[in-house]
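Trainee: Once you have looked at the hints, place chain B on chain A.
Chains as they are written, first to last, in our numbering: chain A, 147 to 483; chain B, 147 to 483.
Derived from the structure by calculation, the hints contain no laboratory data. Among the hints, a few may not be true.
Copies of the same chain are indistinguishable here, so a pair counts whether it falls within one copy or spans any two.
Claimed, not checked - Computed list of lysine-lysine pairs in DSSO-like fashion (alpha-carbon distance at most 27 Å, straight line):
#: 1; residue 1: Lys-418; residue 2: Lys-291
#: 2; residue 1: Lys-316; residue 2: Lys-336
#: 3; residue 1: Lys-333; residue 2: Lys-321
#: 4; residue 1: Lys-348; residue 2: Lys-404
#: 5; residue 1: Lys-179; residue 2: Lys-256
#: 6; residue 1: Lys-316; residue 2: Lys-357
#: 7; residue 1: Lys-149; residue 2: Lys-226
#: 8; residue 1: Lys-404; residue 2: Lys-418
#: 9; residue 1: Lys-256; residue 2: Lys-418
#: 10; residue 1: Lys-404; residue 2: Lys-357
There are 2 protein chains.
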Amino acid sequence: MVKTKKFIFARRFVGVPKEDDFTVVEEELPPLKEGEILCEAVWFSVDPYMRPYTANVPTGTTMIGSQAARVIESKHPEYKVGIHVVGHFGWQTRSIVDIDNIPAALWLSKPFIIPDFSGLPLSLALGALGMPGNTAYFGFLEICKPKPGEVVVVSGAAGAVGSHVGQLAKIKGCKVIGFAGSDDKVKWLKDELKFDAAFNYKTKDVTQALKEAAPDGVDCYFDNVGGTLSSAVIAQMRERGRISVCGSISSYNEDISKIPLAPIVQPSFVWKQLRMEGFIVSRWTDRWEEGINYNLQLIKDGKLIYRETVTEGFENIAKAFIEMLQGGNVGKAVVKA
Amino acid sequence: MVKTKKFIFARRFVGVPKEDDFTVVEEELPPLKEGEILCEAVWFSVDPYMRPYTANVPTGTTMIGSQAARVIESKHPEYKVGIHVVGHFGWQTRSIVDIDNIPAALWLSKPFIIPDFSGLPLSLALGALGMPGNTAYFGFLEICKPKPGEVVVVSGAAGAVGSHVGQLAKIKGCKVIGFAGSDDKVKWLKDELKFDAAFNYKTKDVTQALKEAAPDGVDCYFDNVGGTLSSAVIAQMRERGRISVCGSISSYNEDISKIPLAPIVQPSFVWKQLRMEGFIVSRWTDRWEEGINYNLQLIKDGKLIYRETVTEGFENIAKAFIEMLQGGNVGKAVVKA
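Excised from the complex, chain A in its bound form (with noise of 0.2 Å):
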């Protein structure tokens, strides 16, 4: 008899989601039918897209989310025992998958088979070698369209997103100028990720801030913050700028029926010609592989550093998802079940 272990999205957030919100349950599976595999988490990843996107999940369902995962029994010819793959699973220990029958799913559908990743850590899966690590590599790199030279700015720059956006800039030979929340995260960018300039936004004004180090403005802003921020970091963009808004997380504990105001940003536009243009990662699935090679390949070479944040226990996700939220993390925040 197998069980698992889950979470329960029990009650609707409120501001910073609570540990109470959810319930832990355990339940029995039945037997696998044909085109089914059973799935044992091993790493669980927590992302800020899961705060917003549960405005969309009932109450009562297992909470959302992806997991790095063992398929320890199947019924399908493409998913064999002992290989590991990456699955919109949920918060739950163990998992019975459909796999022909799978709902849409905001990035990949089908489980994916993670590849050989030459010795590095499973957990990369769930960051620089997953979702995280495409955000970055066709988030900024199709939208913003870097070229040498230019001034590139990143807010929450300290995340699994944003420290890998800095990176991508730098090999492209861009001033890279990164915003973070703590001084241990501005020290980092600076001191390992080889930032040109980075600054805590909560105790240094970012219109300073970017008059000192970018005095003839930012070519490029990749924006996982949004409000406050965004508005002073596009005001002092240069002529044809360009703005990859790939998360808007100041926004994220909001009640949706209360916006935040922030100052305008048409008039930028106008005056400068700018281009902002917001994407979920999913539209580049087809090419999804193509950014975890190109991604492994700057690890192997020593070009991209990762950091993570690790929690241990399945029972402590919840805990985990909501320091994330409050930036608790440095690189990817994972769980390992």
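Mentor: The following block gives chain B in isolation, referenced to the frame of chain A:
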């Protein structure tokens, strides 16, 4: 001895411009040198962009602006006496223009020789067959790339550019919804220009209006207004919607150090993968005649209605400018010299 009268930009605007921010002077003009032409104003243009643009104009100089003028004397082979041109000559009745030494301008640099309008009024060279018409043609079609059946929203819909864009959208097979600032303008948009819906944003909630007129969402938004109205439109956009930012008239009379606040737009950008681009029509200077010919054909075919708000007399330009900035015009605001 040739004289000119001119409006001097005497005092920097604070809030809504006032008539006594200008002083009118009369000057004698020197004899023409080789390469110069003498032009006599026939029509003056007053346009929204002039308000923010003056932030970079030194006080004590001639007020900026374009005009349709007749060449009355010429020492340049391309510009014959008797032809009409559009030029950035400012608010003055007669201008000496050194053709090969003209400073960079917002759109055309050299005076543009007005082509044969097939009997249509010369003033159209400042409106539907000039900068505003080309702003509509290029700024809407190139940036929004509207497809038949799509829903297009236009703000500032009763202005020179907005009323033109809405009609282009109808010609492209779109459903068109306009927002304007008076019931009379709304009536004109619906009754004469055949907009599918139009609303007075001062008396009708924008979100509610769009829920009624575009229950499935908005595909394209041509924005002349910015600010809170635009945040409301953007929140009602559909997946992969496109926004062309032409102007931001809601903030033009504000002190630049006090940028107005509006609900943030980034969450919509992420979840709906929206794209927004600002432009200045000079981007398409090398295709200028294409736009004019396109619009001219539409007028000749009876497919494009134009309307002008005409003020008589050079001495009333400032008054016409101030009224236009407060929404006093329907269609193009022009001043007869």
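Trainee: None of the hints should be skipped; say for each whether it holds.
Mentor: We went through each hint and held it up to the structure:
1. Within a single copy, Lys-418 and Lys-291 get their C-alpha atoms as close as 17 Å, and across copies as close as 21 Å, so both meet the 27 Å cut-off.
2. In this assembly of identical chains, the alpha carbons of Lys-316 and Lys-336 lie at most 27 Å apart only when taken from the same copy (12 Å versus 53 Å across copies).
3. In this assembly of identical chains, Lys-333 and Lys-321 lie within 27 Å of each other by CA distance solely inside one copy; the values are 17 Å within and 53 Å between copies.
4. In this assembly of identical chains, the alpha carbons of Lys-348 and Lys-404 lie at most 27 Å apart whether taken from the same copy (22 Å) or from different copies (22 Å).
5. Taking CA atoms no more than 27 Å apart as the test, Lys-179 paired with Lys-256 passes inside one copy only; the shortest distance there is 17 Å, against 76 Å between copies.
6. Proximity of Lys-316 to Lys-357 under the C-alpha cut-off of 27 Å is restricted to the intra-copy arrangement: shortest distance 20 Å within a copy versus 45 Å between copies.
7. Taking CA atoms no more than 27 Å apart as the test, Lys-149 paired with Lys-226 passes inside one copy only; the shortest distance there is 21 Å, against 91 Å between copies.
8. Proximity of Lys-404 to Lys-418 under the C-alpha cut-off of 27 Å is restricted to the inter-copy arrangement: shortest distance 19 Å between copies versus 30 Å within a copy.
9. In the homo-oligomer, the alpha carbons of Lys-256 and Lys-418 lie at most 27 Å apart only across protomers (23 Å), although the nearest pairing inside one protomer, at 43 Å, exceeds that limit.
10. Taking the shortest Cα distances, Lys-404 and Lys-357 sit within 27 Å of each other only across copies (18 Å), while inside one copy they are farther apart (32 Å).
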